[in-house]
Each structure stands twice: as C-alpha cells, then as structure tokens.
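Engineer: Please build the complete structure, drawing on both the sequences and the hints.
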Amino acid sequence: MCKRRKVAVFSSNIYETMTREMQHGINDAALAGGVKVIYFAIFSDSFSSKYYDQYVMYDEGDIVAFELPDLDEFDGVIRIDSSFPPFAKSKLEEILGKTNVPVINVGGKVDAYRNMLNDESASFSEITEHVVTEHGCRDIYHVAGIKGKYYTQERIDALRSVLDRHGIEFGDERIVYGTLWHDCGAPSVDYILKECEKKGKKYPDAIICANDYSAIGVINTLRDRNIRVPEDIIVTGFDGVEAANQGYPSVTTSKQPFYKMGYESILTFKKLWAGEDVSQNVRIKGTLMRNQSCGCAAMDTSDVEDIRQVYLRQMGRMSYLEQSTTNMVLSISNARDHRDCFREIGKNAANDTGFKDMLLCLAPGWETQRVVDDSYAKQDEDIAIVSGFRGDRLIDREVIRKKDLLPKDMLEDPNPYYIFSIHHLQYYMGYLIVNPDLELIDQISMKSWLVILGAMLENFRIRQALNVSVERLENLYNRDMLTGLYNRRGYEMFFERYYNECLKDGTALAVMVIDMDDLKFVNDNYGHAEGDYSLCTISEAMTSAAKNDEICLRTGGDEFVVLARDYSEEKAEVYISQMREKIAGRVKHDKKIFDVEVSVGTCIRKLNPHSTHTLTEIAEQFITTADERMYAEKKAHKIKKTQ
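Heads up, the sequence shown is in my numbering, so the first residue is 12 and it goes up one at a time.
Keep in mind that the hints are not guaranteed to be accurate.
Lysine to aspartate or glutamate pairs mimicking EDC-like chemistry, simulated, CA-CA at most 20 Å apart [to be verified]:
| hint | residue 1 | residue 2 |
| --- | --- | --- |
| 1 | Lys14 | Asp420 |
| 2 | Lys271 | Asp150 |
| 3 | Lys120 | Asp168 |
| 4 | Lys531 | Asp543 |
| 5 | Lys205 | Glu180 |
| 6 | Lys593 | Asp577 |
| 7 | Lys212 | Glu137 |
| 8 | Lys413 | Asp81 |
| 9 | Lys458 | Asp363 |
| 10 | Lys14 | Glu423 |
| 11 | Lys617 | Asp535 |
| 12 | Lys602 | Glu584 |
| 13 | Lys602 | Glu551 |
| 14 | Lys531 | Asp606 |
| 15 | Lys281 | Glu71 |
| 16 | Lys205 | Glu570 |
| 17 | Lys649 | Asp569 |
| 18 | Lys649 | Asp606 |
| 19 | Lys414 | Glu84 |
| 20 | Lys646 | Glu608 |
| 21 | Lys17 | Asp424 |
| 22 | Lys649 | Glu639 |
| 23 | Lys414 | Asp81 |
| 24 | Lys205 | Glu184 |
| 25 | Lys414 | Asp385 |
| 26 | Lys213 | Asp150 |
| 27 | Lys652 | Asp535 |
| 28 | Lys419 | Asp83 |
| 29 | Lys414 | Glu392 |
| 30 | Lys646 | Glu628 |
| 31 | Lys102 | Asp130 |
| 32 | Lys599 | Glu541 |
| 33 | Lys652 | Asp529 |
| 34 | Lys652 | Glu608 |
| 35 | Lys651 | Glu639 |
| 36 | Lys413 | Glu423 |
| 37 | Lys358 | Asp403 |
| 38 | Lys602 | Glu644 |
I should point out that these hints are in silico values taken from the structure, not numbers from a laboratory. Just so it is clear, the structure is predicted and the values come from calculations on it, not from any experiment.
Structural biologist: Rendered as structure tokens:
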C-alpha cells in the first residue's frame, strides 16, 4: 500500500471570502485524491500591522503556527496568497526558502514558486469587452490597483488591448491608481470628473475598476454626489467578492476562480509526484457576473430579501461567537483549577465557534512565558492534549509528539485539519487543532476568540491578577475598535459609577463632549486613513491629558466624551488646554499638511439627591447640555475661519 501524500498549507484570513473558496477547492481535491492536508493559519493581518505597531508582540506569538511543521515530513507546500502582514510574509519566505519540498502559490504570482492564478488578461478583457460591445461605452476611465503589483499592470494591459482593438483612445491620463479599498473612491471620482470637465464632458461612459472594493468606493462616492449608477455612469469591479453582490446597485464584476485555483493546486502536486512536467504558472479564467452597475440587471431585480437573510445569518453567527467568548470568560473565571479551566474551554469551543472537532494542545513550559526561536520546526517534544472534542464525543487527555502534530487517528483519517497558535502576545503556549466550518464566521470575531483564549490561560498563570484580568477582557466589549477608547456602552456603564460617587461625596460631576472639526474634509481630501489618524490623535491626546481619573470615550464617528468626578471649571480648562496642546504637538511632529482641531462643550454640576429623573434621563441631560455648548463653539470656529 502506497504511503498517503501529505501537504502543508500556509494561510492567513482563513474565514475571508476569497481565501475560503481556495480552501474549499484544496479540500475537495485532497479528499477526492486521497491527499492529507494540514493547514497552518495565522490571524495577524496587514491592516493591524500597518496602523498599530503595538501589535508586533501578538504577531510574534501568532507566527509560531508557521514554525510548527518540519516541512521535510511533507510532500508539498501550498502558500495561499492572502493579505499577509509584512512580518508574516518575510517569515514565511524564510521558512519556505529552507525546504526542498515543492511549493505552489495559490491566488497570486510569486516568481520563486509555481502559481495557480487568475488569467488576468482573459478575465479583465472579458469585462472590458462587455462594457464596450454590449453597452456601447467609449469614454472609459480605469481605477487601477496599487503600482508595482503584477496584476495591476496586467489588468491595465488587458483593458488597453481591448480598447485598442475597438479603436478607442485610452491614454495614461485615463488611469488613476487606487488602494484596492473603498477609500480610493472619492479621490478617483474627483480626478475623473476633472478630466471630463477638461474635455467638455459632464461624465464618462464607464469607470472600470481594478477590484470590487474600489468599485464600491466609487459607487458610494457617486451616490453621495447624486450621480446615478448605471444611468449616468457605468461602474464595474473585479474579483466577485460577496460585497459586490450584496450592495445596491450590485456590482458587475468578474468572479475570480478561487475554488478552481485551490482544486488545481492539488492536481498539480499529483502530476509533480508522478514525474510529469508542470507549467510554472497555471492561469484560470474568471467568470463574468452581469449585475446592476452596468445595467444588465434591472435595479428592481435585486433579491433584497435573500441579501437580508444572508446578512442576518452572518450577524447571528457573529453574535453567537461573541456570546461564546463571553461565556468562556465567565466560566473560566469560576474555574477552581487548571483542570476546570481546560474543561470549560472545551465546553465553550463546542458551542457557536463552528468547530466540528477541536483539541487544545499545550507545549511544555506553557506557563513560563515561553518564546520559541527559528529552530523550533526541527525540535521534538511532548505535547499534552488537555481538552477538546471529536464531533459529539469528548476526548481523553493524551500526549503526542510534536513532530506528528496530530493524534494518530486524525493523521490517518481523510479530513483536513487546521492548526492555530495559542499564545499570549509573544509567549507561546501550544496550539489548537480544529476542523472548522468556514461559512458565516467573521475573521475578526474568531481572532478575538483566540486572543481571549490565550489571555485566559495567561490569567491562570497570574492567579493573583485574575479579577483584574477578567475585568479587562470583559471591557473589550465596551471598546471602540479604532481608538481603543470606551464606546457608548462604556458611558452608560461608568456614568452610574461616577454619579453615585459624586452623589455620595457631594462633589460635581462633569461631562465634556469633544467633536472633531472638518473630519469630512480630511476624509475627502486626504483619504480615510488620514481621517482615522486624526481620530486616533485626538483619542491619544485625551488619554494623555487625563490626570484626574477622567474616563475617555468615543461615542460616534467624530464625537468623543470625557466623564469626570469631583470636577470644576478650572480642571476642565486645564484638561482641554493640555489635550489641544498634545493634538497640535502630534500633528506637528508627524508633519501633517492639515490641522486637527476640536470643538468642546462641558456640563459640570453638583447633583440633586432628590431628583425624580431616572439615571438614564440624567445621563442624557448631561450629554445634551454639553453637546449644545460644543456646537456653539463649533459654530464660532466656522465663523472665525471665514473671516
């Protein structure tokens, strides 16, 4: 009997739509061909790494998933070309550079490997041909991808080739480079409309975008400016992501063959193992999807109810996973010892995570804040399986060798399994073996679940800080994701505490409402990344100026709140002055070409112990008063600027 072949798959963003389809293709081909597949997945992402450098220690712990396998024990490696953050990308290239095992890259092009990728030329040509021949468009602009990416130029070349064939002029001035995200919509539309004005036209016939997210950004910008799609301008995307079908209008696009890429990767390995010659690049054509943004689908044919049901299911799964996270925090907090802790982890993992199988595997010294080095792949050690389940059956505790990665029965069954690093920041504890349901699970929510799992294990290591740590984890639900400040729920939570303390002590309670001036101007003219920078700068200044137990919150898009006890007008003036100084200092240090300014309103008063109003009403009264004073200051700022 021939030994079954084994393939290691490296990926990030396993729950993201495009990556998920590749995995389905890999798994189906592997099951059909008798190939064992083991995934090594990380949850670090390029967005967090780009904007939040304090996550570096998390990345160091997360990347251990890539350092677990000894690749000499495998017959092939698949690299899913997803949005690896720079740290993970560099580490993975280093790991793959040390092995002689054949590597296939799926979903993109890397010269060092064989590649399964979209036929950019054929796919993009098809969508361009559709716009020209079926809709008669001749005045066309292109929102391109990021300069330097191989697919950016391939898509430009494909578009230009079709237009040349039809005798349509297409100079470089008709190309605007974007970000492949929604935020490039406004600057792209601004540029295109100015170019049209130079040529004596109001609008172009069509805007062909390099991907769906850019197209969605363009459509949203056009809608904001009362320009109709497709009646005034046809807009198309590329990739075929879920969001393209779920918007209004739905986006005409070319669905990339992600499933086929994954499936073909396993078939290619089988050819390599059989000694056959295999092309360096296997290109697969995408599928044209005629939707509303070009006019092929009527604007009243969008099945809103189907979209609504999908959205509700997604929200339901997310809320269930959040509830599972909450339950895990609470149940582990009540655990008396490690055995109770591990049992509670297993019970919670069996509910609402989408895990069909799950094993919690702890490495030696997991309680010692262990950091592994680059040699870990070649090291072997005992791994303790301390909790988990296989379907409906709870597993018994057992010990396996790290080089095997999985228990013997899991190695021998046909199913694909996924391995995630369990860690707290950079400190490695072990790994999770799962057989996940990839549908309707949110990547960020699952990342949060895993982050909290590692944190709860760390809390058991530091038992004397258990209560403080649990409170911190519960507070995650009251935090704003962008700034890290408390959100509106945090205001409700802390207002009651400070209200009762001020009422008891007879001191004044203060609420300050802080609103950023001209956020829309920054977003429209410098991009949403700079808008986020501005909001984070304000939040950092608020926190830095808080010297008297002030609680800082972000309660809306550009609105912040400060809650303070035992306060006075003098304290408020000092706080506001220091906050503004810190904002100005940060903007100057970062050499920004725009100002970040705020308007502030305050409400400071002693409390009436005989008030007949409810606590909710009193909290709203404070906000309303401070809000009115803030808007008065904002109005004064605007008048001053116009003078």
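Engineer: Now tell me if each hint is right for this structure.
Structural biologist: These are the hints, each one checked on the structure:
Taking the CA atoms of Lys14 and Asp420, the gap is near 15 Å; set against the 20 Å cutoff, the hint holds. A distance of roughly 34 Å separates the Cα atoms of Lys271 and Asp150; the hinted pair therefore is violated under the 20 Å criterion. Under the criterion of a C-alpha separation no larger than 20 Å, the hint pairing Lys120 with Asp168 is consistent with the structure, at around 17 Å. For the suggested pair Lys531 and Asp543, the alpha carbons sit about 11 Å apart, so the restraint of at most 20 Å is met.
Proposed proximity of Lys205 and Glu180 is supported: the alpha carbons are some 18 Å apart, at most 20 Å. Of the pairs offered as hints, the one joining Lys593 and Asp577 is violated, with about 24 Å between alpha carbons and a cut-off of 20 Å exceeded. Distance restraint check for Lys212 and Glu137: the Cα-Cα separation of roughly 27 Å exceeds the 20 Å cut-off, and the hinted pair is therefore not satisfied. Straight-line distance between C-alpha atoms of Lys413 and Asp81 comes to about 10 Å, which keeps the hinted pair within the 20 Å bound.
Restraint check: the Cα-Cα separation between Lys458 and Asp363 comes to about 14 Å, which is no more than 20 Å; the hinted pair holds. The suggested pairing of Lys14 with Glu423 holds, with an alpha-carbon distance near 11 Å, which does not exceed 20 Å. Of the supplied pair hints, the one linking Lys617 and Asp535 is violated, its CA atoms being roughly 42 Å apart against a limit of 20 Å. Only pairs whose Cα atoms come within 20 Å are accepted, and Lys602 paired with Glu584 is rejected, the gap being roughly 27 Å.
Restraint check: the Cα-Cα separation between Lys602 and Glu551 comes to about 17 Å, which is no more than 20 Å; the hinted pair holds. Taking the CA atoms of Lys531 and Asp606, the gap is near 13 Å; set against the 20 Å cutoff, the hint holds. Pair hint Lys281 plus Glu71 does not hold up; C-alpha atoms about 34 Å apart against a cutoff of 20 Å. With a C-alpha separation of about 33 Å, the suggested pair Lys205 and Glu570 falls outside the 20 Å cut-off, and the hint is violated.
Proximity of Lys649 to Asp569 is assessed by CA-CA distance (about 16 Å); at most 20 Å being required, the pair is judged to hold. Distance check on the hinted pair: Lys649 and Asp606 sit about 14 Å apart at the alpha-carbon level, within 20 Å; holds. A hinted pair counts as satisfied when its Cα atoms are at most 20 Å apart, and Lys414 with Glu84 qualifies at roughly 8 Å. At roughly 13 Å between alpha-carbon atoms, Lys646 and Glu608 fall within 20 Å of each other, so this suggested pair holds.
About 12 Å separates the Cα atoms of Lys17 and Asp424, which keeps this hinted pair within 20 Å; it holds. Proximity of Lys649 to Glu639 is assessed by CA-CA distance (about 15 Å); at most 20 Å being required, the pair is judged to hold. With a C-alpha separation of about 7 Å, the suggested pairing of Lys414 with Asp81 holds against the 20 Å cut-off. The suggested pairing of Lys205 with Glu184 holds, with an alpha-carbon distance near 11 Å, which does not exceed 20 Å.
Between Lys414 and Asp385, the direct Cα distance comes to roughly 15 Å. Compliance with the 20 Å bound is thereby established for this hinted pair. Distance check on the hinted pair: Lys213 and Asp150 sit about 11 Å apart at the alpha-carbon level, within 20 Å; holds. Restraint check for Lys652 and Asp535: the C-alpha separation of about 19 Å stays at or below 20 Å, so the hint holds. Simply put, Lys419 and Asp83 have alpha-carbon atoms about 19 Å apart, close enough for the 20 Å limit, and the pair holds.
At roughly 8 Å between alpha-carbon atoms, Lys414 and Glu392 fall within 20 Å of each other, so this suggested pair holds. A distance of roughly 27 Å separates the Cα atoms of Lys646 and Glu628; the hinted pair therefore is violated under the 20 Å criterion. Note on Lys102 and Asp130: the hinted pairing is violated, with a Cα-Cα distance of about 28 Å set against a maximum of 20 Å. This hinted pair checks out: Lys599 and Glu541 have alpha carbons roughly 14 Å apart, not beyond 20 Å.
Simply put, Lys652 and Asp529 have alpha-carbon atoms about 12 Å apart, close enough for the 20 Å limit, and the pair holds. Between Lys652 and Glu608 the CA atoms are separated by roughly 12 Å; this keeps the pair inside 20 Å, and the hint holds. Distance restraint check for Lys651 and Glu639: the Cα-Cα separation of roughly 19 Å lies within the 20 Å cut-off, and the hinted pair is therefore satisfied. Taking the CA atoms of Lys413 and Glu423, the gap is about 16 Å. The hint holds against a cut of 20 Å.
Note on Lys358 and Asp403: the hinted pairing holds, with a Cα-Cα distance of about 11 Å set against a maximum of 20 Å. For a cut-off of 20 Å, the pair hint linking Lys602 to Glu644 is broken: about 27 Å separates their Cα positions.
Figure legend: structure checked against the earlier numbered hints; hints not met, in rising order: 2, 6, 7, 11, 12, 15, 16, 30, 31 and 38.
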